[in-house]
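Protein sequences appear in the order of chains D and Z.
Each residue of the first sequence is one higher than the last, beginning at 1 in our numbering.
Each residue of the second sequence is one higher than the last, beginning at 1001 in our numbering.
Derived from the structure by calculation, the hints contain no laboratory data.
Just so we're clear, the structure is a prediction, and the values are computed from it rather than from any experiment.
Incorrect hints may appear among the rest.
Using 20 Å as the maximum straight-line C-alpha spacing, the simulated SDA-like pairs for lysine to any residue come out as follows [as the list claims (entries may be wrong)]:
1. Lys-208/D x Thr-1104/Z
2. Lys-196/D x Glu-1140/Z
3. Lys-196/D x Val-1080/Z
4. Lys-208/D x Met-1194/Z
5. Lys-1152/Z x Gln-195/D
6. Lys-1208/Z x Glu-110/D
7. Lys-35/D x Lys-23/D
8. Lys-208/D x Phe-1138/Z
9. Lys-200/D x Lys-1196/Z
10. Lys-1208/Z x Ser-134/D
11. Lys-94/D x Thr-1104/Z
12. Lys-1200/Z x Leu-205/D
13. Lys-1137/Z x Arg-207/D
14. Lys-1200/Z x Gly-173/D
15. Lys-1196/Z x Ser-176/D
16. Lys-1196/Z x Ser-159/D
17. Lys-208/D x Lys-1208/Z
18. Lys-1152/Z x Lys-208/D
19. Lys-1094/Z x Leu-205/D
20. Lys-208/D x Gly-1166/Z
21. Lys-94/D x Ser-1176/Z
Sample of chain D residues facing chain Z (criterion: CB under 10 Å; computed from the structure) [as the list claims (entries may be wrong)]:
22. Pro-66
23. Ser-69
24. Leu-92
25. Asp-95
26. Gly-98
27. Gly-102
28. Phe-138
29. Glu-139
30. Gly-141
31. Gly-166
32. Pro-169
33. Arg-179
34. Trp-180
35. Lys-200
36. Leu-205
Virtual Cβ for every residue (Gly too), placed ideally from N, Cα, C.
There are 2 protein chains.
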Amino acid sequence: MKVAIIGIVNMGTGFAKSLDKTKHQVFIGSRNIEKAKEMAQSLGNSQGGSYKDAAGFADVIILAAPWHSMKDVLNALGDVSGKVLVDICNPLTKDFSGLDVGFTTSAAEEIAKIVPGAKVVKAFNTIFAEVLQSSHKFEEGLADVFICGDDKDAKEMVSELARDSGYEPVDCGALSAARWLEPLGMLNINLGYMQKMGAKIAFRLMRK
Amino acid sequence: MKVAIIGIVNMGTGFAKSLDKTKHQVFIGSRNIEKAKEMAQSLGNSQGGSYKDAAGFADVIILAAPWHSMKDVLNALGDVSGKVLVDICNPLTKDFSGLDVGFTTSAAEEIAKIVPGAKVVKAFNTIFAEVLQSSHKFEEGLADVFICGDDKDAKEMVSELARDSGYEPVDCGALSAARWLEPLGMLNINLGYMQKMGAKIAFRLMRK
């Protein structure tokens, strides 16, 4: 798969590091083109460039940008019709105390409204950058990546990316399930920071 | 601890079975007083009676009643000032497709408004009755019971009940964290039923 990573802060760097080692072709996009190119070079197998270059190259675009800049970032991608857009964000309020959207909608659904031609998939929002950048293996097993979206093939592509980077994908149904996954991301943030468990935590759905 | 279980359908029966075997004193309350007494007798160590008898007896009251009858049930308990009320419900819409309340409030917070003198604790809403009634031990370890509430001692009492019945309690902070725990309950229901994983599933927070 041709994968774009949009943003090179914590989550973007984590994805770049883990996907660079897979069979997939990675293009790192940043507002700071030089920095994206440097990161790509230091990783070895990836390319770097602008948001637009990265999005134009890829079949799957991972949006590793914060919620409050999402609209600007989406506008900078160019035409993303038919492409898979992976929304990994947690739409926090500016003071980080809660969610900015929810209940009757979700960040994922709001993103889908902005780029109706893209296949939006929610995933990875419960995975901390600290987990993504280190090992996702816990004593109990792999961390789960909860995935939802309205396009079956797009979800399968994201599931494959999750598997290839060492996670266990869990299909949570339609994109509207983001209304439950985003509060789970918020719970994760609450446990890691407010409840001071630290950010090396992850959820696993146990089955019998 | 003196524990009341309000309701003898799936969750209530599960609590009755697992708490009857602990050191705690259990009083099973039902609208059907005879049935509550029968259940208590068949279990061996518990008492049975009306909602009011059960609530009057207990320090900790587990509300194993559905969301849509909650107001009536709370009214039937009598004075619960100073007591610990454990809200285990998932406030589903009548067609089970989503949550009835959320985002700026939660079932737990709405219950606290109805009985302001009680110490409301949210817990167990992500534990299926099928898990509660069978074994809560999974290959990976114990199922987590996510707990939140505004009274520290009340949370500690509920944590002890969770531990004594074989779960691992996870303190999620203030009662308003129910805004994230209730969507997690909904996600659990969605995975178990709509995504057809079955109801013998449970979440575990993995830590390094």
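Failing hints, ascending? 1, 2, 3, 6, 7, 9, 17, 18, 19, 22, 23, 24, 25, 31, 32
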